[in-house]
Structures are given as C-alpha cells and as structure tokens.
Amino acid sequence: MQIRPVIAALKKHRLATVLIAMEIALACAVLCNAASMIASRMSAMHIVSGVDESSLGFIALQGFDPKQANDVNARVLSGLGAITGVESVHVINSVPFGMQAGNAGITLDPDSKHFGGVVEFYVGGPGTPEALGLKLVAGRLPATDDYQPIANFLPADSGVLVTRTLAEHLWPGENPLGKEFWLGKKIHFRVIGVVAHFAIQQYNEEGRRGAQWTVFAPGLPGEQLAGGYLIRAKPADLDRVMTAAKAAIAKIAPDVVLDREDSQTVTYLRAKFFQTDRAMAGLLIGVIVALLGVTAFGIVGLASFWVAQRRKQIGIRRALGATRTDILRYFQTENFLIVTFGIVVGVVLAIGINLALMKFFEVPRLPLWYLPVGVVALWLLGQLAVLVPALRAAAVPPVVATRSV
Amino acid sequence: MNMFAYYLDLAIRSLKRNRLLTVLMVLAIAIGIGASMTTLTVMHLLSGDPLPGKSAQLFYAQVNGNPTPDYKHAEPPDMMDYRSAMDLWEAHRADRQTLVTVPKALKVRTPDSTRPPLMEQTLFATSDFFPMFDVPFEYGNAWTASDDANRARIVVISSDLNNKLFGGKDSVGKTLHVRDANLRIVGVLKDWRPSPVFYDVRGGRFANGDTASYYDKTEALFVPFNTGLDINHGNFWWFNCWHVPKPGESMVSAPCNWLGLWVELDSPAKVASYRAFLDHYAQQQHTLGRVRYTETRLRSLMDWLRFNQFVPSDVKLQTWLAFAFLAICLFNTVGLLLAKFLRRAGEIGVRRALGASRRAVFAQCLTEAGVIGLLGGIGGWLLTLFGLWVVRQQPAPYAPMVHLDVSMFVVTFVLAIAVSLVAGALPALRASRIAPALQLKTL
Chain A
0 MQIRPVIAAL KKHRLATVLI AMEIALACAV LCNAASMIAS RMSAMHIVSG
50 VDESSLGFIA LQGFDPKQAN DVNARVLSGL GAITGVESVH VINSVPFGMQ
100 AGNAGITLDP DSKHFGGVVE FYVGGPGTPE ALGLKLVAGR LPATDDYQPI
150 ANFLPADSGV LVTRTLAEHL WPGENPLGKE FWLGKKIHFR VIGVVAHFAI
200 QQYNEEGRRG AQWTVFAPGL PGEQLAGGYL IRAKPADLDR VMTAAKAAIA
250 KIAPDVVLDR EDSQTVTYLR AKFFQTDRAM AGLLIGVIVA LLGVTAFGIV
300 GLASFWVAQR RKQIGIRRAL GATRTDILRY FQTENFLIVT FGIVVGVVLA
350 IGINLALMKF FEVPRLPLWY LPVGVVALWL LGQLAVLVPA LRAAAVPPVV
400 ATRSV
Chain B
0 MNMFAYYLDL AIRSLKRNRL LTVLMVLAIA IGIGASMTTL TVMHLLSGDP
50 LPGKSAQLFY AQVNGNPTPD YKHAEPPDMM DYRSAMDLWE AHRADRQTLV
100 TVPKALKVRT PDSTRPPLME QTLFATSDFF PMFDVPFEYG NAWTASDDAN
150 RARIVVISSD LNNKLFGGKD SVGKTLHVRD ANLRIVGVLK DWRPSPVFYD
200 VRGGRFANGD TASYYDKTEA LFVPFNTGLD INHGNFWWFN CWHVPKPGES
250 MVSAPCNWLG LWVELDSPAK VASYRAFLDH YAQQQHTLGR VRYTETRLRS
300 LMDWLRFNQF VPSDVKLQTW LAFAFLAICL FNTVGLLLAK FLRRAGEIGV
350 RRALGASRRA VFAQCLTEAG VIGLLGGIGG WLLTLFGLWV VRQQPAPYAP
400 MVHLDVSMFV VTFVLAIAVS LVAGALPALR ASRIAPALQL KTL
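From first to last, the protein sequence lines stand for chains A and B.
So the first sequence is residues 0 to 404, counted in numbering that gives the first Met the number 0.
So the second sequence is residues 0 to 442, counted in numbering that gives the first Met the number 0.
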C-alpha cells in the first residue's frame with residue numbers, strides 16, 4: 000500500500016481532515032484523563048480497612064447526659080450481649096467509614112514545634128482491637144492495665160497502636176515502637192504496637208493521603224466514652240443481629256435516641272462512604288462511552304461522504320485493475336493516518352489537561368502507560384468505524400467508471 | 000423574511016435527503032447539549048447567589064483571638080472565640096449583626112406526645128438573623144432584641160420540623176422540650192432552603208473540595224444565642240481550639256473558636272469604617288496582651304463563599320468534562336456539515352450562476368445548520384431532563400433541589416442553536432466560496 004497518494008488526497012480535504020483529527024485529539028485527551036480519574040477513584044475505594052468488616056456493626060446512641068453514661072454503657076453492653084448470635088459488644092467511639100468521632104493535629108514534641116499531621120483517633124474499651132480484628136505487625140496489643148480512664152476526650156498518658164502508614168509518615172525508616180507524640184501539651188502517647196491497616200472514619204483536611212493515619216488509644220468506658228458500640232457477629236448473622244440490636248435499644252435504654260444513620264454494619268458504612276466516588280466513576284464511564292460513540296459517528300459520517308464523493312474515481316481504479324482489497328486498504332490507511340495525526344496532538348493535549356486538572360482539582364498525575372493504551376483504543380475505534388463505509392467503497396463496481404455522470 | 004422561509008424549506012428538504020447524516024449530526028449535538036446542560040444546571044444551582052439583591056450588603060467578620068503561637072496563622076480562623084465575637088457583636092457598629100453557632104444535635108420532644116425523642120440540628124443566633132437574611136415566616140414571628148437580652152425560653156422552628164411534629168399546623172404558642180428545657184414556639188418558617196446554607200459555610204479550605212454538605216437543609220430549630228448558652232452547657236462543636244477544652248467546660252471560657260459573626264452594612268463607607276473598627280479592636284486586644292495576631296477579615300457573602308471554594312470540586316470537574324465533550328461534538332458537527340454542504344457543490348454552483356450572491360448561499364447553509372441546532376436542542380432538552388433525573392437519584396444533599404428552571408431551559412436552546420451556527424459558519428463559508436464556473440463544467 001502506498002501512502003503517498005493517500006496523503007495527496009487528504010491534502011485536497013485539508014479542513015475536513017484537520018477537523019476530524021482535532022475531534023480525535025480531544026477524544027484522546029479526555030479519554031486518557033477520564034480513565035485515570037476512574038482508576039484513582041477505584042483505588043481509593045479499595046482501601047483496606049484493617050478490620051473484619053463483614054463481622055462488624057456499629058450502634059450509635061445520642062441524647063443522654065454524661066451522668067447517665069455509665070448506666071447506659073452497662074445496660075447496652077449486657078442487653079446487646081444477650082442477643083443470640085452476638086459474639087461480643089465493646090464500647091468504641093466510631094468505626095471505619097462511620098461517623099467522625101475524633102481527629103486532631105498531633106505534634107512530635109510537647110512544645111508543639113514539630114507538627115505531625117492530622118490523625119484519626121479511635122478510643123475503645125478493653126478487648127476492642129481483638130474484636131475489630133486488627134492485624135498486629137510489631138509490638139503488642141494493649142494489656143488490661145493499658146486501658147485507662149479518659150481525662151479529656153483521650154486518656155492523658157497512654158500506650159497506643161498506630162498504623163504502619165502513620166508510623167512511616169511520622170518516623171520514616173525508624174522503629175516506631177516506644178516513640179512518643181503529643182496532643183497539645185497535656186495529652187501524651189507512646190507507641191506500643193503497630194497494626195497493618197486501620198482506615199479512618201471520614202476524610203479530614205489531609206485528604207486521601209491521611210486515609211490510614213490512625214491511632215488506637217485504649218480507654219475505659221465512662222462519661223467520655225459512651226454511646227458507641229461495636230457489635231461482632233458471624234457474617235451470616237450480622238444483618239439479623241443488627242436489626243435485633245436496633246429494636247432492643249428501645250427497651251434497653253428507652254430514654255436515649257438511636258442514631259439510625261450511623262447505626263449500621265461496617266459493610267454498609269463502607270458502601271455509603273464511597274457512594275459519591277462510585278457515582279463519579281459511573282459518570283466518567285458514561286462520558287467515555289458517549290465520547291467514543293460520537294467520535295465513531297463522526298468518522299462514519301465523514302468516510303461515508305468521501306466514499307460517495309469518490310465513487311467515480313473508485314470505479315476508475317477498479318477498472319484499471321485495483322482489487323476490492325486495494326480499495327478497502329486505501330480507506331483504512333487514510334483513516335489510520337488521520338487518527339494518528341489526531342493522536343499525536345491528543346497525547347500532548349492529554350498531558351496538558353492533566354497538568355491543569357492537577358493544579359485545580361485533587362487529581363493524580365496521569366500514568367504514562369495510559370497514553371499508549373488510549374492510542375491503541377482510538378486506532379481500533381477508527382478502523383472499526385471506517386470499516387462499513389470502506390466495505391461499501393470496495394463494493395463499487397468497475398463499471399461506474401464507464402458511465403458518464 | 001421570504002427568503003428565510005425558502006431557505007427553511009430547502010434546509011428541510013436537504014436534511015430529509017440524507018437521513019443518516021442528519022440523524023448523526025442531530026444526535027451529536029443533542030448528546031453534547033444534554034451533557035453540558037445537565038452539569039451547567041447543577042453548577043447554576045450550586046454556584047448561585049443564595050440571597051440575590053441582599054448578599055452584597057452582608058459580610059462575615061473575622062479576628063484571631065488565639066493568644067498562643069499558631070503554626071499556620073496566615074488567615075484568621077473561620078470562627079471566633081466567645082470574647083472576641085461578643086465584644087464585636089455588643090458594639091453594634093453595623094446596621095444589623097448576628098452571632099451564629101451550631102451546637103451538637105439536641106434532643107427534642109413534644110411534652111404531650113408519646114413519639115420517641117428526636118435529635119435535631121439547632122442554630123443559636125441573635126434576633127437580627129431573621130431580617131438580615133430575609134427569612135420567610137409561615138406562622139408567628141422572629142424574636143426581638145429584648146428576648147436576646149432576657150434569655151427568653153423561646154424557639155423558631157423550620158417547616159420540616161413543624162410538619163414532622165405538628166402535621167404542618169400553626170404551632171405557635173406550643174412548647175418543645177429541648178434537652179432539659181421547655182421552649183415556647185414563637186415562629187414557624189416557610190420552606191426555606193438557601194443554597195448553600197451560606198451562614199454555616201466555613202472550613203472549605205480544609206475540605207479538599209468535598210463541600211456538598213454546604214447544600215444540606217437548614218437547622219430544624221433556631222434559638223436565641225443566650226438562651227442556647229443556658230440550655231446547652233458544654234455541648235458544642237468548635238471550629239478549632241488552641242488547647243484541648245476540659246470536658247463539659249463552658250464554651251464561654253473555652254480556648255476555642257466556635258462563633259461566627261455576620262454583619263449587614265448598607266454602604267461602602269460603612270464597610271470601610273467597620274473594617275477600621277475590626278482592625279482597631281484587634282490592635283487594642285493585642286496591646287492588652289489577650290491576642291497574639293492582629294490580622295482581620297471582612298469578606299462579603301459571595302467572597303466568603305468563594306474563599307471557602309463552596310462549589311464541590313466534583314461538580315466543577317463534571318462541568319469541564321461536559322464542555323470538553325461538547326467541544327468534541329462541535330468538531331464532529333463541523334466535519335459532517337462540511338461534508339454535507341460540499342457534496343451539494345453542483346447545486347450551489349447552479350444557484351451562484353443564476354445570480355445568488357455568496358451571502359445568500361452562506362445564509363442558506365447557515366439556516367440549515369440552525370435547523371439542525373433546533374432539532375439537536377429538542378433532543379438535548381430531553382437528554383437534559385433525563386440527566387437531571389439521574390442527578391436527582393444521586394446521594395448528594397443538593398440532589399432533590401436539581402431541576403430545569405425557565406432560564407436554563409432557554410439557555411439549552413440558545414446553546415444548541417449557537418453551537419450549530421458556530422459549527423455551520425466555517426462549512427457555510429466554504430460552500431459560499433464555491434466557484435460557479437468550475438461546478439457547472441462538471442455537470
């Protein structure tokens with residue numbers, strides 16, 4: 000197949016060629032960036048929570064006085080524990096993807112000079128890390144006497160668990176065990192154990208990078224640790240147990256208000272947490288489909304026009320000995336050239352758009368391997384779209400050449 | 000005008016002649032318009048002025064009451080401590096002023112009902128809140144400045160709560176049991192849904208673009224600020240604290256920022272003098288040694304919303320995406336129209352030879368493009384309605400408010416026809432340049 004005659008013909012249709020190439024360039028740029036955004040949303044959605052999600056549920060109670068806290072805790076622990084299928088009930092401030100219960104900026108010195116970042120605090124009663132199913136990778140879990148009364152939202156001086164990600168952020172390359180950090184001047188923490196993963200409750204100002212910046216502080220239930228309950232049950236029992244638990248609250252503690260929105264299984268809370276990401280990913284996929292469709296329509300339309308316009312020339316070529324395959328190849332080559340031209344511009348545009356998006360939105364850098372994938376996808380799309388008109392062109396009989404118009 | 004009717008007739012004939020190409024063009028415009036109008040309508044809803052005509056006179060005041068070194072003090076915090084906010088409010092230097100703060104959800108019951116108690120969001124504010132923000136009342140009235148001063152046990156409730164508790168009937172004079180206190184209802188609001196709930200907007204620069212919660216419903220209860228302090232001891236949210244407050248500590252003395260101050264200023268001169276007043280106050284407090292930093296801010300309502308990047312970044316991203324998509328559709332249409340017009344080169348040649356001017360050929364082609372735009376607009380309108388229906392199924396708090404109003408309906412068609420005319424201009428120009436002689440030769 001000779002390319003030169005194809006290029007010569009395209010030069011005659013410079014405007015149309017440029018237009019369709021620009022459409023492909025834009026499509027390429029949007030396609031690559033949309034795909035990258037989908038991937039980044041998907042990867043955020045696959046965060047490892049570090050807890051046994053399918054076995055865990057959370058009950059949130061509101062509307063009681065601190066003075067009633069001990070009474071409420073005692074009644075709820077025994078009342079919910081009595082439900083058949085419940086393996087354990089623990090007092091905890093919140094669960095992964097649950098209600099925001101405590102994030103704060105920590106410092107690595109008591110004088111607040113070295114800021115460590117905003118981290119999520121979980122506070123739970125004895126046995127909570129085991130019930131959550133946290134995976135210890137270094138150090139130890141809190142022992143009975145590590146659980147201390149809570150002075151001020153948190154225990155005043157406690158041995159805590161941190162995630163590997165947080166340890167690596169605070170003390171890169173060092174052994175985190177025994178390291179200390181502070182909240183203000185008065186609240187002091189010492190790391191006694193490191194867990195593999197423990198996702199935060201809700202995103203805070205650190206955004207996605209802080210999704211695993213988590214601290215577990217062992218605390219004793221009381222005035223300042225009440226109203227949040229972690230229920231553990233076999234995954235098959237969990238939904239039934241949660242329904243029973245919510246119904247039981249009215250009898251166990253008739254005076255409190257059940258927070259229905261937050262009293263859910265962790266699986267449900269996770270799905271809800273990522274609802275907007277899922278919606279956005281769905282929308283982006285829809286845009287990609289529509290975009291490829293419109294681009295294909297454009298190619299079909301223009302190629303059909305060119306085929307109709309060149310019927311006579313095609314007939315002459317056929318009469319002079321060109322085969323059907325030659326004609327088919329001609330239109331395929333022509334499409335390949337136009338698409339290639341568009342893609343070259345499109346790749347540059349894709350990188351440019353990505354840089355702009357990174358500046359204004361929380362969008363990750365476009366992984367470079369997306370570009371060849373996008374390029375191949377558009378080549379295929381172009382070839383597929385041109386196939387029908389090209390076959391029609393190949394079907395033009397040589398006799399057309401002999402007819403005067 | 001006659002010629003226009005003739006061109007219209009020609010356009011329709013031409014469109015009928017090549018149905019596939021016509022359908023492709025109309026479809027491309029319809030999809031492009033549908034996508035961009037859907038996102039534009041959401042954008043229009045979310046980025047609009049919540050108080051048109053009034054917002055330019057409303058300002059949000061900020062001083063920094065923090066006495067300790069702050070590792071990032073470039074901006075004063077988004078809320079104020081009790082002392083600073085109270086000093087500024089009590090000075091009454093603005094035409095109107097109101098404190099605002101949102102405590103943790105409060106337990107609400109009606110004394111004479113057996114229904115289980117509810118946890119409801121509450122706003123503590125001062126009497127100017129209602130006239131300042133043009134809050135509409137269904138029954139009763141706002142409270143007065145003397146109610147503020149007397150710490151009156153009264154409450155204004157939202158229409159939502161009134162529907163829930165009293166079936167929408169006039170509940171003025173009835174009593175609500177809120178936390179441990181009895182509050183008498185003095186007013187019931189009409190359905191009031193400012194978008195966003197501007198007076199609660201804060202902390203946007205820490206939200207990483209996730210600001211959808213600004214478009215939630217308003218609070219269910221509105222309670223005089225001092226009354227709120229009395230009935231809700233220690234049960235507050237704070238914006239930030241420079242020390243961890245003691246549990247149950249009175250927020251009056253807590254080392255925390257938890258109060259917003261909105262002021263109404265009717266003239267530029269008053270704005271300037273209020274700015275000077277804020278600066279003077281900060282300087283004076285600094286001299287007294289109570290505060291460390293002296294920077295102040297007085298942003299107008301819209302500036303304050305913009306500072307908080309109030310439109311969710313996902314929505315902005317979607318809008319950009321939709322317009323990139325529209326651009327692709329536009330290129331597509333230009334290409335197809337070009338093909339269509341040039342295919343009729345012979346016909347155009349004859350017209351030109353018979354005396355039609357270039358302008359006439361141009362007008363004829365553009366009319367055809369306009370007809371495609373109109374058809375695309377109808378398709379786009381239907382797709383927009385479908386797109387908005389999809390948006391309404393989303394979990395976002397603003398989703399139920401999304402609908403196509405008259406202005407956006409008009410914009411749909413204007414945009415569709417504008418797009419098709421822009422798309423048609425270049426091909427029409429090309430067509431009008433066709434040399435008649437050359438075409439006639441080939442006939």
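The set of hints was computed from the structure by calculation and includes no laboratory data.
Mixed in with the good hints, there may be bad ones.
What the hints assert, rightly or not - DSS-like mimics (lysine-lysine), calculated; alpha carbons at most 30 Å apart, straight line:
| no. | chain 1 | residue 1 | chain 2 | residue 2 |
| --- | --- | --- | --- | --- |
| 1 | A | Lys271 | B | Lys15 |
| 2 | B | Lys168 | B | Lys103 |
| 3 | A | Lys184 | B | Lys216 |
| 4 | B | Lys15 | A | Lys185 |
| 5 | A | Lys271 | B | Lys103 |
| 6 | A | Lys245 | B | Lys106 |
| 7 | A | Lys178 | B | Lys245 |
| 8 | B | Lys269 | A | Lys66 |
| 9 | B | Lys168 | A | Lys11 |
| 10 | B | Lys106 | A | Lys271 |
| 11 | B | Lys106 | A | Lys66 |
| 12 | B | Lys245 | A | Lys184 |
Said to hold, decoys possible - Away from chain B, derived, C-beta distances all over 10 Å, residues of chain A:
| no. | residue |
| --- | --- |
| 13 | Leu18 |
| 14 | Leu25 |
| 15 | His45 |
| 16 | Gly132 |
| 17 | Gly138 |
| 18 | Met279 |
| 19 | Thr294 |
| 20 | Gly300 |
| 21 | Phe304 |
| 22 | Ala307 |
| 23 | Leu327 |
| 24 | Leu336 |
| 25 | Val362 |
We put the CB at the ideal spot given by N, CA and C, even for glycine.
Outcome of the hint check:
1. Straight-line distance between C-alpha atoms of A/Lys271 and B/Lys15 comes to about 50 Å, which puts the hinted pair past the 30 Å bound.
2. Simply put, B/Lys168 and B/Lys103 have alpha-carbon atoms about 28 Å apart, close enough for the 30 Å limit, and the pair holds.
3. Among the hinted pairs, A/Lys184 with B/Lys216 is inconsistent with the structure: their alpha-carbon atoms are about 38 Å apart, more than 30 Å.
4. Of the supplied pair hints, the one linking B/Lys15 and A/Lys185 is violated, its CA atoms being roughly 81 Å apart against a limit of 30 Å.
5. With a C-alpha separation of about 23 Å, the suggested pairing of A/Lys271 with B/Lys103 holds against the 30 Å cut-off.
6. In summary, the hint linking A/Lys245 to B/Lys106 is supported, as the alpha carbons are separated by about 18 Å, within the 30 Å threshold.
7. About 26 Å separates the Cα atoms of A/Lys178 and B/Lys245, which keeps this hinted pair within 30 Å; it holds.
8. The suggested pairing of B/Lys269 with A/Lys66 is violated, with an alpha-carbon distance near 49 Å, which exceeds 30 Å.
9. Under the criterion of a C-alpha separation no larger than 30 Å, the hint pairing B/Lys168 with A/Lys11 is inconsistent with the structure, at around 76 Å.
10. About 25 Å separates the Cα atoms of B/Lys106 and A/Lys271, which keeps this hinted pair within 30 Å; it holds.
11. With a CA separation close to 16 Å, the supplied pair B/Lys106 and A/Lys66 stays within the 30 Å bound.
12. Of the pairs offered as hints, the one joining B/Lys245 and A/Lys184 holds, with about 13 Å between alpha carbons and a cut-off of 30 Å not exceeded.
13. Not every beta carbon of chain B lies more than 10 Å from that of A/Leu18, the smallest distance being close to 4 Å; the non-interface claim is violated.
14. Residue-level check failed: A/Leu25 sits 5 Å from the nearest beta carbon of chain B, not beyond 10 Å.
15. Non-interface status of A/His45 relative to chain B is upheld: no Cβ of that chain comes within 10 Å, the nearest being about 19 Å off.
16. Listed as outside the interface, A/Gly132 is consistent with that label: its C-beta sits roughly 28 Å from the nearest C-beta of chain B, beyond the 10 Å cut-off.
17. Consistency note on A/Gly138: stated as away from chain B, and its beta-carbon is indeed over 10 Å from all of that chain's, at 26 Å minimum.
18. With a closest Cβ-Cβ approach of about 6 Å to chain B, A/Met279 is found to fall inside the 10 Å limit, against its non-interface label.
19. At roughly 7 Å, the least C-beta separation between A/Thr294 and chain B is not larger than 10 Å, which violates its mark as non-interface.
20. Chain B draws A/Gly300 into its interface by the beta-carbon criterion, the shortest separation being 5 Å against a cut-off of 10 Å.
21. Not every CB of chain B lies more than 10 Å from the CB of A/Phe304, the least distance being 4 Å, so the non-interface label is violated.
22. For A/Ala307, the non-interface assignment is contradicted: its Cβ lies about 7 Å from the closest Cβ of chain B, within the 10 Å cut-off.
23. Under the 10 Å C-beta cut-off, the non-interface status given to A/Leu327 relative to chain B holds; the minimum distance is some 21 Å.
24. Non-interface call for A/Leu336 relative to chain B: holds, since the shortest CB-CB distance, roughly 16 Å, exceeds 10 Å.
25. Listed as a non-interface residue, A/Val362 fails to keep its Cβ farther than 10 Å from every Cβ of chain B; the least gap is roughly 8 Å.
The structure fails to meet hints 1, 3, 4, 8, 9, 13, 14, 18, 19, 20, 21, 22, 25 from the earlier list, while all remaining hints are met.
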